[in-house]
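Enquirer: Sequence:
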Amino acid sequence: MHDESKQIHVIGIDTSSIESFFEAKKKSIFKAERIFGPQRILDSFKTWLKHKNIKNHKFEFITTDKLNNFIDQLKKGEKKTIVFSGGDPLWFGIGRLLVQNFPLSKLFFEPASTSFQLAFSRLGKPWQNTQWISLHGRDPLPFKKAIKKLPSSLVVLTDSKRGGAYEVYQLLHSIGLKENYEFWYFERLGYQNERIIEINSIEDFPTNIDPLHLVILLKKEEPLIKSKDLPLFGIVDSVFLQNADCPGLLTKREVRVQLLAELNLPKQGVIWDIGSGVGSIGLEALRISPKLKLVSIDKRVGSKNIIEENARRLGVKPSLIIEDEALNIFKQNKITYNLLHPDRVIIGGGGSISHLILSEVLKLIDSNCIIVIPLISLKSISKLESVLKPKVNNLSISQHQSYRGVSIGEDIRLSPINPVFILKGEII
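The numbering of the sequence shown is the working numbering, which starts it at 12 and goes up by one.
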């Protein structure tokens with residue numbers, strides 16, 4: 012119920028029923044002397060007054076489109092005032108600015124549905140678990156952080172001055188997750204000329220994007236790309252299934268390509284992928300050398316199911332997938348005899364016991380072998396180097412840094428991928 016003691020009554024409007032809204036709020040509205048609001052809402056209100064043939068009530072109309080001018084005007088005098096706002100004024104609306112400039116004793120807020128509530132209602136999708144982010148005047152970095160966590164749905168409030176929905180599409184593409192999400196564009200929600208489009212390619216974008224729009228990204232169950240359409244290696248990140256609880260376990264495409272080059276894969280033999288995460292490196296190795304026998308090892312619960320699904324997506328078949336601590340596997344002899352002596356080994360994960368795992372691996376090598384260990388910090392290098400040096404013929408270390416272009420409006424900025432150190436030992 013409207014608190015009559017408040018001087019400024021801030022009303023959120025669901026534009027999908029704007030005429031019935033004015034009718035329902037008529038009693039409160041006609042007690043006001045001044046009406047503030049976006050020009051589009053003021054125009055709708057004036058049209059409603061005309062249709063109702065209401066001429067005997069004189070309002071002072073002031074637009075809120077220029078925020079600084081609007082606050083200055085609102086501070087003048089103590090007149091009873093209505094402020095119209097789209098949706099919820101305290102959710103990315105005008106409410107925050109009002110709270111900063113007026114005591115709460117003068118303000119009364121009455122929210123309506125937010126734009127993303129309307130959007131989800133149009134899709135017929137529940138939204139209780141959705142996440143959201145605003146790009147208004149912000150760097151794209153928060154979007155990158157949010158989408159890399161692979162949320163089931165993400166609402167993006169776009170910045171029309173930097174390309175709006177088009178900027179979001181370019182960001183999603185540059186991160187390599189375009190195939191993971193349905194891309195929905197919503198324009199002028201609630202108005203008679205609202206427009207809802209599922210965007211599958213650049214060609215789907217309307218030529219006349221309205222500034223009043225938002226984007227919703229809905230996670231797909233699996234990418235549409237089939238194994239026969241994939242490249243031999245250098246597969247985009249979005250193809251791989253990842254664990255929603257641990258989205259950082261995928262080795263980025265640029266790093267995978269380098270690691271596969273360092274492994275110098277033979278046509279036949281056994282390759283161990285220890286700390287395999289989602290299995291991307293070992294599985295791509297099978298695409299390059301299909302006669303290799305792959306042993307994938309990862310300690311995380313559920314990793315076997317994820318690796319099996321990624322193997323299906325890539326059209327390959329590992330010889331053995333073990334979900335356990337690597338040291339337990341060696342102690343309990345869980346690797347069958349025909350897979351026991353590797354020709355290639357990659358040890359990932361960067362854990363504190365990598366040097367212990369490496370020691371056990373070296374005991375089982377009985378012929379030529381290449382061992383590759385990617386690391387994201389320098390702390391482990393000395394320990395691993397001290398274990399490798401007495402056992403290998405050639406030892407090398409290299410550092411690799413890649414960047415991906417990220418769209419910022421009409422420009423592109425290079426965003427760094429974490430640098431990777433690669434320790435490589437060759438036993439000849």
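Keep in mind the hints are simulated off the structure, nothing from the lab. Treat the hints with care, as some may be off.
[What the hints assert, rightly or not] Cβ pair distances, simulated, as ranges:
{"#": "1", "residue 1": "Glu336", "residue 2": "Ser171", "range": "33 to 39 Å"}
{"#": "2", "residue 1": "Glu437", "residue 2": "His147", "range": "49 to 55 Å"}
{"#": "3", "residue 1": "Glu371", "residue 2": "Lys302", "range": "24 to 30 Å"}
{"#": "4", "residue 1": "Tyr414", "residue 2": "Lys57", "range": "50 to 56 Å"}
{"#": "5", "residue 1": "Arg107", "residue 2": "Pro430", "range": "16 to 22 Å"}
{"#": "6", "residue 1": "Ser238", "residue 2": "Leu108", "range": "34 to 40 Å"}
{"#": "7", "residue 1": "Asn112", "residue 2": "Arg149", "range": "19 to 25 Å"}
{"#": "8", "residue 1": "Gly416", "residue 2": "Ser171", "range": "38 to 44 Å"}
{"#": "9", "residue 1": "Gly148", "residue 2": "Glu437", "range": "29 to 35 Å"}
[To be verified] Cut-off 30 Å, straight-line C-alpha distance, at most; resulting in silico cross-link-like pairs (DSBU-like, lysine-lysine):
{"#": "10", "residue 1": "Lys117", "residue 2": "Lys17"}
{"#": "11", "residue 1": "Lys77", "residue 2": "Lys61"}
{"#": "12", "residue 1": "Lys189", "residue 2": "Lys156"}
{"#": "13", "residue 1": "Lys17", "residue 2": "Lys159"}
{"#": "14", "residue 1": "Lys156", "residue 2": "Lys61"}
{"#": "15", "residue 1": "Lys155", "residue 2": "Lys117"}
{"#": "16", "residue 1": "Lys160", "residue 2": "Lys315"}
{"#": "17", "residue 1": "Lys117", "residue 2": "Lys230"}
Note that CB positions come from ideal geometry on N, CA and C, so glycine has one too.
Enquirer: Now look at each hint and say whether the structure bears it out.
Expert: The hints, checked one at a time:
The supplied range of 33 to 39 Å is broken by Glu336 and Ser171, whose beta-carbon atoms lie about 51 Å from each other. The hinted range of 49 to 55 Å is satisfied by Glu437 and His147, whose Cβ atoms lie roughly 53 Å apart. At about 26 Å, the beta-carbon gap between Glu371 and Lys302 stays in the expected band of 24 to 30 Å. Between Tyr414 and Lys57 the beta carbons are some 52 Å apart, a value that agrees with the proposed interval 50 to 56 Å.
Look at Arg107 against Pro430: about 39 Å separates their beta carbons, and that is not inside 16 to 22 Å. With their beta carbons about 53 Å apart, Ser238 and Leu108 fall outside the hinted range of 34 to 40 Å. One distance hint, 19 to 25 Å for the beta-carbon pair Asn112 and Arg149, holds here, with the actual separation near 23 Å. The given range of 38 to 44 Å is broken by Gly416 and Ser171, whose C-beta atoms sit roughly 22 Å from each other.
A hinted range of 29 to 35 Å is violated for the C-beta pair Gly148 and Glu437, which are about 52 Å apart. As the CA atoms of Lys117 and Lys17 are separated by approximately 5 Å, the hinted pair is consistent with the 30 Å bound. Note on Lys77 and Lys61: the hinted pairing holds, with a Cα-Cα distance of about 26 Å set against a maximum of 30 Å. Among the hinted pairs, Lys189 with Lys156 is consistent with the structure: their alpha-carbon atoms are about 15 Å apart, no more than 30 Å.
Between Lys17 and Lys159 the CA atoms are separated by roughly 45 Å; this puts the pair beyond 30 Å, and the hint is violated. For the given pair, Lys156 sits about 49 Å from Lys61 by alpha-carbon distance, which is inconsistent with the 30 Å threshold. As the CA atoms of Lys155 and Lys117 are separated by approximately 40 Å, the hinted pair breaks the 30 Å bound. Distance hint between Lys160 and Lys315 is fulfilled; the C-alpha atoms sit about 21 Å from each other, no more than 30 Å.
Straight-line distance between C-alpha atoms of Lys117 and Lys230 comes to about 43 Å, which puts the hinted pair past the 30 Å bound.
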